[in-house]
Amino acid sequence: QVQLVESGGGLAQAGGSLRLSCAASGRTGSNYAMGWFRQAPGKEREFVAAINWRGGTTNYADSVKGRFTISRDYAKNTVYLQMNSLNSEDTAVYYCAAGTYVGSWSKWGQGTQVTVSS
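Residue numbers 1 to 118, in our numbering, belong to the letters of the sequence shown in order.
Hints in this document: simulated from the structure, not taken from any laboratory.
We put the CB at the ideal spot given by N, CA and C, even for glycine.
Do not take every clue at face value.
As the list claims (entries may be wrong) - Okay, derived cross-link-like pairs now, BS3-like style, lysine-lysine, Cα gap no bigger than 25 Å in a straight line:
1. LYS107 / LYS76
2. LYS43 / LYS65
3. LYS43 / LYS107
To be verified - For each label pair, taking beta carbons as the anchor points, the in silico distance ranges come out as:
4. GLN110 / GLY55: 23 to 29 Å
5. ARG54 / SER117: 36 to 42 Å
6. ALA75 / GLY42: 35 to 41 Å
Sequences and hints are given; from them, build the entire structure.
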């Protein structure tokens, strides 16, 4: 079993930046696709970004494209989400996910809160 633990959430001002981390432990390996999702109050969970297990392909939601960057450190079994130019619509609980390939998400973290003040 793979366990995912997110960190790095918190309060940021509009226009500011945060970097989220997701550390994988347990039966880890580099052959997992990793992704970030978010859920704002009263809304459904939505896709934010993903990176395939090779690290060569990334995908982003249109709402974050050009502002967020997903990356992974294989040595640390960690995936990151660098978030720049934050705005109030980015306020949500952010979840890390893992799966055999992008779209087959089978493991989820507990979430980390991101709040952007205007």
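Now the hints, each set against the structure:
1. Proximity of LYS107 to LYS76 is assessed by CA-CA distance (about 18 Å); at most 25 Å being required, the pair is judged to hold.
2. Pair hint LYS43 plus LYS65 holds up; C-alpha atoms about 20 Å apart against a cutoff of 25 Å.
3. Restraint check: the Cα-Cα separation between LYS43 and LYS107 comes to about 21 Å, which is no more than 25 Å; the hinted pair holds.
4. In this structure the hint that GLN110 and GLY55 lie 23 to 29 Å apart at CB holds, the actual value being about 24 Å.
5. At about 37 Å, the CB distance of ARG54 to SER117 agrees with the hint of 36 to 42 Å.
6. Between ALA75 and GLY42, the C-beta spacing of about 39 Å keeps the proposed range 35 to 41 Å intact.
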